[in-house]
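There are 2 protein chains.
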Amino acid sequence: MAGEFDLINKYFTHQQVTRSDVALSQGDDCALLVAPANTHIAVSTDSLIAGTHFLEHANPQWVGHKALASNISDLAAMGAEPAWVSMAITLPSPDDDWLEGFCKGFFELANAHDLQLIGGDTTRGPLGITLTVQGFVPQGKALLRSGAKVGDKVFVSGYLGDSHAGLEVILQPSKQQQPHASELERRHYCASSRVALGILLRGQASSCIDISDGLVSDIQHIMQGSNVGAKLHCDKLPVSSELIEFTQGKRIAQQYALKSGEEYELCFTLPSHLVESVHQAARQQNLMITEIGEITDSQRLSLFDNGQAIENEMLGFDHFRS
Amino acid sequence: MAGEFDLINKYFTHQQVTRSDVALSQGDDCALLVAPANTHIAVSTDSLIAGTHFLEHANPQWVGHKALASNISDLAAMGAEPAWVSMAITLPSPDDDWLEGFCKGFFELANAHDLQLIGGDTTRGPLGITLTVQGFVPQGKALLRSGAKVGDKVFVSGYLGDSHAGLEVILQPSKQQQPHASELERRHYCASSRVALGILLRGQASSCIDISDGLVSDIQHIMQGSNVGAKLHCDKLPVSSELIEFTQGKRIAQQYALKSGEEYELCFTLPSHLVESVHQAARQQNLMITEIGEITDSQRLSLFDNGQAIENEMLGFDHFRS
Chain A
1 MAGEFDLINK
11 YFTHQQVTRS
21 DVALSQGDDC
31 ALLVAPANTH
41 IAVSTDSLIA
51 GTHFLEHANP
61 QWVGHKALAS
71 NISDLAAMGA
81 EPAWVSMAIT
91 LPSPDDDWLE
101 GFCKGFFELA
111 NAHDLQLIGG
121 DTTRGPLGIT
131 LTVQGFVPQG
141 KALLRSGAKV
151 GDKVFVSGYL
161 GDSHAGLEVI
171 LQPSKQQQPH
181 ASELERRHYC
191 ASSRVALGIL
201 LRGQASSCID
211 ISDGLVSDIQ
221 HIMQGSNVGA
231 KLHCDKLPVS
241 SELIEFTQGK
251 RIAQQYALKS
261 GEEYELCFTL
271 PSHLVESVHQ
281 AARQQNLMIT
291 EIGEITDSQR
301 LSLFDNGQAI
311 ENEMLGFDHF
321 RS
Chain B
1 MAGEFDLINK
11 YFTHQQVTRS
21 DVALSQGDDC
31 ALLVAPANTH
41 IAVSTDSLIA
51 GTHFLEHANP
61 QWVGHKALAS
71 NISDLAAMGA
81 EPAWVSMAIT
91 LPSPDDDWLE
101 GFCKGFFELA
111 NAHDLQLIGG
121 DTTRGPLGIT
131 LTVQGFVPQG
141 KALLRSGAKV
151 GDKVFVSGYL
161 GDSHAGLEVI
171 LQPSKQQQPH
181 ASELERRHYC
191 ASSRVALGIL
201 LRGQASSCID
211 ISDGLVSDIQ
221 HIMQGSNVGA
231 KLHCDKLPVS
241 SELIEFTQGK
251 RIAQQYALKS
261 GEEYELCFTL
271 PSHLVESVHQ
281 AARQQNLMIT
291 EIGEITDSQR
301 LSLFDNGQAI
311 ENEMLGFDHF
321 RS
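Protein sequence lines correspond, in order, to chains A and B.
Residues 1 to 322 (the numbering used here) are what the first sequence spells out, left to right.
Residues 1 to 322 (the numbering used here) are what the second sequence spells out, left to right.
In short, the hints are calculated from the structure, not lab data.
Any given hint might turn out to be false.
Unchecked claim - Straight-line distance between alpha carbons at most 25 Å, and here's what the computed SDA-like set of lysine to any residue pairs gives:
1. B/10 <-> A/52
2. B/141 <-> A/20
3. B/141 <-> A/19
4. B/10 <-> A/20
5. B/141 <-> A/146
6. B/153 <-> B/251
7. A/10 <-> B/220
8. A/149 <-> B/24
9. A/141 <-> B/233
10. A/141 <-> B/22
11. B/149 <-> A/24
12. A/149 <-> B/220
13. B/236 <-> B/307
14. B/149 <-> B/20
15. B/141 <-> A/36
16. A/153 <-> B/229
17. B/149 <-> A/26
18. B/149 <-> A/27
19. B/141 <-> A/153
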């Protein structure tokens, strides 16, 4: 069986990205890095654990993508530009096929974002991946959860709900017969990372978060952070045509959109006077954003469907909620 | 059962250390940090997995200490000063007693090193902890593995071998009757972190590594990095009186010292002309260092005992070596 050092040499040292701010990468006790002046370093850590966040037999290329995408998404939500990533990977045994697939998904996404793997740890144990990503944002320009003001408009990027449908396909074999099941399963693992949108929103959005626990849960983090309420119009939630066919109706698709976790789309708020210019800037970069509600002074979340108040009994995903 | 957010609030937000270079800590998508000018940021990631690196029923306070000590040790080996740490913790279920003990061990050590917890992730799954620590070292002053020169003297800090004896006590119930068994078990988990020594060695040591895989294995990382050989005098290896009583003899204790992993002592090389001044500086700070050999041009590792060459069949610990 190959040793730890062989594994690292074989899979984790052949990346295309070589950044000038990495003075020393893998191969010593620490990496040595140089941060640019006048920036904040944004840091986020996320774990993907087999059995909790993905099934052991999931396509390893998708797992590699998802592990990194969920981390990059946190940088995007702060308006930060990705730079460095550290990887801790725990494997029951060295599995060449799995590692090759995993690294393909991981490095394709890392290369696309000029993100350099700077080191990590390879250990034996139950399958899991923990990544720590770091990026840069000019000081004072980071998008926080705490700046939403009453009257601001609430927006989301992309389409919501596909990830939840994909999870159903994974967990309920009967759903594999429904339209677009395979594509929705792929989307569950292979979410986009909204880095360009996060950068566009610097100095514009009054608050921002990535949708990892589900819209209903994540908008409440903005509400708590900003000490405000929010009103969401469920009939405005953007859903893909594939999801509508899968759920056999737009209304059900929009219920998926409300609760779907691990979407990695951004939810953000904009002062009214910036709505038009941000719409225009997003169109120019071909970034889809949709207005879905507004910030209120009520301290609570109100859901509406075609102007009618509806009950909110859907909660976000919490790993330790029983 | 408490939710993820409750857990984080209860255990991971009550630290004493608040650093001025942390602009934003836990509670948003990312932490925001400011690195000092003209420094390198040193970054290291290490995982501790239950069943691989510690037993599930191990004292959680010791596990908390060990998880952080092994990471701080990588900073020490580069001559870096600890600053920030991110924690990913995976738990089968939220266990208040375990978390309370773990946090006690973790934060005591973090506080002692002015190290601030800046964020992380709490997930459900098999017990494991992955930490990413960051620290600072002036540019050009980091201690690398690659600078050892022929004729340099080889040193280690502290005593070696206790960790291996402690591991035997943990894994072999019969050893629990031997002298100092409990104390050696404690030392296996509660190694010191040689940060002060690493800082003292900046601009002095020609190479440095922390002993995590075992002296025989780790000195070979210096040899490979520096393209040199080394000669070690086993009779000079520093061993504690407790270990000598445990092994019933100094020679056996020194065999433990050769192969003992997870020691987190430093192994470093010094040019001859610096040996006396570094000895003196170390004494002033009450830091124990011992000369154990020298760098050679042979490209191989030679072991000697009282001047006699001995066989080297002991290899370091490799998580994936079968």
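Evaluated hints:
1. B/10 <-> A/52: holds, 23 Å
2. B/141 <-> A/20: The given pair, whose Cα atoms are some 19 Å apart, holds under the 25 Å limit.
3. B/141 <-> A/19: holds, 21 Å
4. B/10 <-> A/20: Since the Cα atoms of residue 10 of chain B and residue 20 of chain A sit roughly 41 Å apart, the hinted pair is violated (cutoff 25 Å).
5. B/141 <-> A/146: With a Cα-Cα distance of about 40 Å, the restraint between residue 141 of chain B and residue 146 of chain A is violated, given a limit of 25 Å.
6. B/153 <-> B/251: Judged against 25 Å, a Cα distance of about 22 Å means the pair holds.
7. A/10 <-> B/220: Within the cut-off at roughly 20 Å; holds.
8. A/149 <-> B/24: holds, 20 Å
9. A/141 <-> B/233: Given that 25 Å is the threshold and the Cα spacing comes to 57 Å, the pair is violated.
10. A/141 <-> B/22: Holds: residue 141 of chain A and residue 22 of chain B sit about 15 Å apart, inside 25 Å.
11. B/149 <-> A/24: holds, 20 Å
12. A/149 <-> B/220: violated, 59 Å
13. B/236 <-> B/307: holds, 11 Å
14. B/149 <-> B/20: The hint is violated at about 40 Å.
15. B/141 <-> A/36: holds, 19 Å
16. A/153 <-> B/229: Distance ~66 Å between residue 153 of chain A and residue 229 of chain B Cα, so the pair is violated.
17. B/149 <-> A/26: holds, 22 Å
18. B/149 <-> A/27: holds, 19 Å
19. B/141 <-> A/153: Violated, at roughly 50 Å.
Going down the numbered hints, you'll see the structure goes against 4, 5, 9, 12, 14, 16, 19, while the others check out.
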